[in-house]
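There are 2 protein chains.
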Amino acid sequence: MTRSDLAAVEEVNAEFYAAFEAGDLDRMSAVWAGGPYADKVGCVHPGWPLIRGRDEVLRSWALIMANTPYIQFVLTDVHTQVFGDHALVTCSENIITMDDTAGEFASLAGGSIVATNLFLRVEGRWRLLHHHGSPVLDQAEGDEE
Amino acid sequence: MTRSDLAAVEEVNAEFYAAFEAGDLDRMSAVWAGGPYADKVGCVHPGWPLIRGRDEVLRSWALIMANTPYIQFVLTDVHTQVFGDHALVTCSENIITMDDTAGEFASLAGGSIVATNLFLRVEGRWRLLHHHGSPVLDQAEGDEE
Chain A
1 MTRSDLAAVE EVNAEFYAAF EAGDLDRMSA VWAGGPYADK VGCVHPGWPL IRGRDEVLRS
61 WALIMANTPY IQFVLTDVHT QVFGDHALVT CSENIITMDD TAGEFASLAG GSIVATNLFL
121 RVEGRWRLLH HHGSPVLDQA EGDEE
Chain B
1 MTRSDLAAVE EVNAEFYAAF EAGDLDRMSA VWAGGPYADK VGCVHPGWPL IRGRDEVLRS
61 WALIMANTPY IQFVLTDVHT QVFGDHALVT CSENIITMDD TAGEFASLAG GSIVATNLFL
121 RVEGRWRLLH HHGSPVLDQA EGDEE
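Chains as they are written, first to last, in our numbering: chain A, 1 to 145; chain B, 1 to 145.
Pulled out of the complex, with its shape left as it was, chain A reads as follows (with noise of 0.2 Å):
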């Protein structure tokens, strides 16, 4: 593993963020894995269950960008490590986001999602393989004590 991996597993970590903020279809088709492997990949929303295959993945990922008028992520604890040809990212989503459904009155909302993003190499360039993404409770550690 050498520090440039590390780089370009993160440089398309952040794409796949820079996508979905720009509602950039095209965009984020590429970051996702295909070709032989787009039976393989992989996508879970915050609170849905997982959908599997690359198609079935890009509609959810239209279908969403559709229903988001704004969004902007803030990573942070962005951890990667690189094994061959895998590389795994957990990171933590910090969201700002618009609801859309009060016209004028319009307001931000935030809210932090914690993602697992598991990418694989194919020749040469990373591609996301699996996402998993799942909202953080305020109050889910506390409960437990």
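Simulated from the structure, these hints should not be mistaken for lab results. The reader is advised that the hints may include incorrect statements.
A pair counts as met if it fits within one copy or between any two copies, since identical chains are not told apart.
Lysine to any residue pairs mimicking SDA-like chemistry, simulated, CA-CA at most 20 Å apart [unchecked claim]:
hint	residue 1	residue 2
1	K40	D77
2	K40	S60
3	K40	A7
4	K40	G111
5	K40	G84
6	K40	D5
7	K40	R54
8	K40	D85
9	K40	I51
10	K40	L58
11	K40	A66
12	K40	F73
13	K40	I96
14	K40	E56
Mind docking chain B on chain A? Use the hints.
Leaving out everything else, chain B in the frame of chain A:
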């Protein structure tokens, strides 16, 4: 990837849930990677942020198991991919649990968790490196339609 690789990974995946059902911290400890990989271990319990490091993860399991008088899993949609010395398992955890706060009126409750489990082969034995579980909300998919 051989059939026996898949079977060996799925056996350890099943043992992870069996250890939780049994409330057996020794068995749970044996499932997780350690030694040089202890710092790489990560776990997201449903609604929690990421817990990093073998000791911290096992401490969280001790706490959760101490507060779970009864839990039973039925795993469905188990999909396994093996790549070299790593393997990805996704599955649905269909849960029956018991709430002990009601004394003799203790009630059984159900729920569904989607899980992403990443395993690592160390000296021929598959160990859990990363677990991410999150609740599946009944209406989540419908929200976007």
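Hints, verified against the model:
{"no.": "1", "hint": "K40 - D77", "in the structure": "between (27 Å within a copy, 14 Å between copies)"}
{"no.": "2", "hint": "K40 - S60", "in the structure": "within (16 Å within a copy, 31 Å between copies)"}
{"no.": "3", "hint": "K40 - A7", "in the structure": "between (24 Å within a copy, 18 Å between copies)"}
{"no.": "4", "hint": "K40 - G111", "in the structure": "neither (29 Å within a copy, 26 Å between copies)"}
{"no.": "5", "hint": "K40 - G84", "in the structure": "both (18 Å within a copy, 16 Å between copies)"}
{"no.": "6", "hint": "K40 - D5", "in the structure": "between (22 Å within a copy, 17 Å between copies)"}
{"no.": "7", "hint": "K40 - R54", "in the structure": "within (8 Å within a copy, 28 Å between copies)"}
{"no.": "8", "hint": "K40 - D85", "in the structure": "both (15 Å within a copy, 18 Å between copies)"}
{"no.": "9", "hint": "K40 - I51", "in the structure": "within (11 Å within a copy, 27 Å between copies)"}
{"no.": "10", "hint": "K40 - L58", "in the structure": "within (13 Å within a copy, 30 Å between copies)"}
{"no.": "11", "hint": "K40 - A66", "in the structure": "neither (25 Å within a copy, 37 Å between copies)"}
{"no.": "12", "hint": "K40 - F73", "in the structure": "neither (26 Å within a copy, 25 Å between copies)"}
{"no.": "13", "hint": "K40 - I96", "in the structure": "neither (31 Å within a copy, 29 Å between copies)"}
{"no.": "14", "hint": "K40 - E56", "in the structure": "within (12 Å within a copy, 31 Å between copies)"}
Of the numbered hints stated above, those contradicted by the structure are hints 4, 11, 12 and 13, listed in ascending order.
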